[in-house]
Amino acid sequence: MSYPLTIPTAEPFLFSGGPVGVLLIHGFTGAPKEMRWMGEYLAGKGYTVLGIRLAGHATTPEDMTRATWKDWVASVEDGLNLLSGVTKTQVVSGLSMGGALSLYAAAHYPVAAAAAISAPYAINDPRLKFIRLLAPFMPKVAKGAGDWHNPEAAKDHVDYPYNPTHAIAELVDLLKEVRSSIPLIKIPTLLVHSRNDTGVPPENMDKIYAALTTARKERLWVEDSGHVVVREPERFKVFEAVDAFFRSVITTQ
Amino acid sequence: MKTPYLIPDGKPVLLPGGKTGCILVHGFTAMPKEMEYLSADLNQRGYSVLSVRLAGHGSQAEDLIHLGWRDWLSSVEDAYNLLKGICDKVILIGQSLGGIVVLMAASYLPVNGVVSLSTPCSRSSDRDTRWMKVISLLQPIRIKDRHMRVHPQDPRLEENYPAYPFYALHATIEVRTLQNILIDRLPLIKAPVLIAQSHTDANIPANSAGRIYTDLGSERKEMAWFEQMDHSMVRDPNRQQVFEAVAAFLSTL
Numbered sequence: 005m006s007y008p009l010t011i012p013t014a015e016p017f018l019f020s021g022g023p024v025g026v027l028l029i030h031g032f033t034g035a036p037k038e039m040r041w042m043g044e045y046l047a048g049k050g051y052t053v054l055g056i057r058l059a060g061h062a063t064t065p066e067d068m069t070r071a072t073w074k075d076w077v078a079s080v081e082d083g084l085n086l087l088s089g090v091t092k093t094q095v096v097s098g099l100s101m102g103g104a105l106s107l108y109a110a111a112h113y114p115v116a117a118a119a120a121i122s123a124p125y126a127i128n129d130p131r132l133k134f135i136r137l138l139a140p141f142m143p144k145v146a147k148g149a150g151d152w153h154n155p156e157a158a159k160d161h162v163d164y165p166y167n168p169t170h171a172i173a174e175l176v177d178l179l180k181e182v183r184s185s186i187p188l189i190k191i192p193t194l195l196v197h198s199r200n201d202t203g204v205p206p207e208n209m210d211k212i213y214a215a216l217t218t219a220r221k222e223r224l225w226v227e228d229s230g231h232v233v234v235r236e237p238e239r240f241k242v243f244e245a246v247d248a249f250f251r252s253v254i255t256t257q
Numbered sequence: 005m006k007t008p009y010l011i012p013d014g015k016p017v018l019l020p021g022g023k024t025g026c027i028l029v030h031g032f033t034a035m036p037k038e039m040e041y042l043s044a045d046l047n048q049r050g051y052s053v054l055s056v057r058l059a060g061h062g063s064q065a066e067d068l069i070h071l072g073w074r075d076w077l078s079s080v081e082d083a084y085n086l087l088k089g090i091c092d093k094v095i096l097i098g099q100s101l102g103g104i105v106v107l108m109a110a111s112y113l114p115v116n117g118v119v120s121l122s123t124p125c126s127r128s129s130d131r132d133t134r135w136m137k138v139i140s141l142l143q144p145i146r147i148k149d150r151h152m153r154v155h156p157q158d159p160r161l162e163e164n165y166p167a168y169p170f171y172a173l174h175a176t177i178e179v180r181t182l183q184n185i186l187i188d189r190l191p192l193i194k195a196p197v198l199i200a201q202s203h204t205d206a207n208i209p210a211n212s213a214g215r216i217y218t219d220l221g222s223e224r225k226e227m228a229w230f231e232q233m234d235h236s237m238v239r240d241p242n243r244q245q246v247f248e249a250v251a252a253f254l255s256t257l
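If you read the protein sequences in the order shown, they are chains H and G.
Residues in the first sequence are numbered from 5 upward in steps of one, following the working numbering.
Residues in the second sequence are numbered from 5 upward in steps of one, following the working numbering.
Excised from the complex, chain G in its bound form (with noise of 0.2 Å):
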């Protein structure tokens, strides 16, 4: 087997600082690297930063078949339990899935705050499920577009960001699973939240964010919106106006 088994992107990243540490986790089918803009903005704010792995991501797209949302939720509860170990405060930043599985953490572990960036919200019916279950057996992983480009040096990463370039059916039906338990337990989370999403990202139903304040049990939760973003914030052009509005929430904690 070729060693390191992870992609180079895929790396999970831990850059010491102060007695408050962020984890910071991707979404679904990218790796670490899609973060790196804010964790080093973070870090240079002086948090430290866990930039986490999920499972199943960063290395090759054969392993988000044979795992699921329990080996994510795990990677987020490990982080939790490394950075309480240098910390004393801990906040969850997540970036579209991964928004989804800070707040699903969030609604367990006793963390200091929760940002949502671009997190989709809505329910899925049974029978939308069943559908995808028939034809993940048939087409268990799926180029995600015809014509986008695998990077020239490493056929597991697409050519402009740090992601798979495949989807797994499979995957998407554990995202689909984990996004229904959450919904049940957003009134569980009494954390601060922050949700930013942007009014021009086509890639989750608009109403994601409105769905999340509403149905969250924190007494203190509030709502960024962007304009002329795409779905990854994170990675936009406009970034650092994202930036700048999660350092102020947290600079309130």
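The following block holds chain H by itself, in its conformation from the complex (with noise of 0.2 Å):
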């Protein structure tokens, strides 16, 4: 047994700035790392941000296997509930099953507006009908290739080599409850997908775009960029659009 139980660099972090709170949340069998970049590029733009660790991620695949959807949307609870701490406003973002998450705390928390990255609205797989049944005979689901156009963040991206399958068929229980959840959001919502995600395939930003009833809704797609956008090549023309979308909804406030 080593420690400390998170892998060094992957930490979830905290950086101080002004009364505007923005919440970070990285994605399945990912690490808050993968979003400290934008992070990074939000404090020196004066907000307060925290970058929050989902249940059971960044330490070993094992842990995974033990925590639920209901563990990670606790997680969220966690940062919300600490970030309002020491900030008036609260925005939240993140990044693919982040960006999920984002979307089911902006219907369900007191946040201003929220920015979802790359996110799933459904994975169309029949076989996942069985995943659970599945998963104690088969623990273990090989990634597909990955789709960076950026390998230096590649070569140092920190996730699990593999996808715990009980975890999977969590992912599908939470995504269901964020399809219910999209039409229940009030508040200004931006999403941002790369045309060239073969993760999580562009058709879902339209699919989510068309179930958001909110009366701000809007639009931001990237090429040059896999499903890691925070991570690569066009990463700061999603930096300043989410930058840029978060200001215009706290000064009409």
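Incorrect hints may have been included.
Some chain H residues near chain G, calculated using beta-carbon distances under 8 Å [to be verified]:
| # | residue |
| --- | --- |
| 1 | 10 |
| 2 | 16 |
| 3 | 17 |
| 4 | 19 |
| 5 | 54 |
| 6 | 74 |
| 7 | 78 |
| 8 | 81 |
| 9 | 82 |
| 10 | 86 |
| 11 | 181 |
Calculated directly from the structure, the hints in this document are not laboratory data.
Just so it is clear, CB atoms sit at the ideal spot from N, CA and C, and this is done for glycine as well.
Mind docking these for me? Both chains are given alone in their own frames, and the hints should help you get the complex.
Rendered as structure tokens:
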């Protein structure tokens, strides 16, 4: 057994700043590290930034096998509660499953705006119906090939080497909750996706956009990027758009 | 699902203050509200305070079953990594199980001080835990006391204490396991430690504080004994005595 349990460089982070706090949520099998560049950018723009660690992540895949989607929701609530101790207004953003959790937070918690990046609407695979039954017999599912456009970032990316099968079943259940939450969102929401995302195909953004009934919804497409948009060559275009979006919401409040 | 998922008493708390930060960790089956008086006292004295929610706590008793000591320890690592973002010095303070977890974290994290309150310390044999494992399969969740009242507004809460009205035996085994691991690691702790216990605490072995004191590797270690106090020092009517002792210790770090 080695300590700390958290993988070095992958720790959650808190950057102090102004009265607007941004909660950043990483993706499935990912780690807070993937949100760190975005966090540093936003802290530079004056926000207070909290990059959470979702339960079971950034340690060992065995820890993730124990966690449920409710534990991930609880991690998001932990982060928002802590952030509200040091800021007046909170906004939320996340990547992939973190994007889906941002939409969940936008529907259910008192946040002012949300930006969901590379978020899945649904995973279309008929085999998923049986995944929970399968999990005890096949505890690991191999990951697909990466779609990185930034080989440097790919090299020191921190995530689990495989998908714990039980956790996939939890992700499926979470996405069901998120789909029923999207029409409840009443706050300004920005969606970001890469046209070249092979992990979560781009039509997911169209489906989320269509399901959103909030008065203000916006879309941003990027090209020179794979799934992990926040660590890809076009990331600054995304960071600037998210900052501008949050800023426009805060100043019109 | 009901939102928020966390019980109001289960929300973690961040109170901004000076550059020295205190991480407060509640006990087994309890939740952040257990530490509210000590949080307020320390914050008033100028410390930044982060009152942690241990994973599996503050939501519903079922969550105690699938999570374990690694998740509790990760919760404290998270708190450390976040508080480090806004503080130069970090002190860990834990009540009961919280004391076990903070001592464990102090065996490898470079913290500036540790306070263990009413912390149990005794080694469990494999035979003890084997029996508990068998019983836990038959009775995963056990009502703490048949006569104990459930909170009228929220059946997930004890009426007179911010804790679950249930034990999960699986989680009790996790406490024993972590205790055994900690006992072997006490000599690795180098930070100054204050150990507080009451002579009238019937919930933990009477020689717990003495055992921790003897095995600690710290050059600076202090014991504070109290009279006529329950296990829960942080909510006892005479708690102010304990808070004064904690404050006196912290002021020397």
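Where does the structure disagree with the numbered hints, that is, which hint numbers, in rising order? Every hint satisfied by this model.
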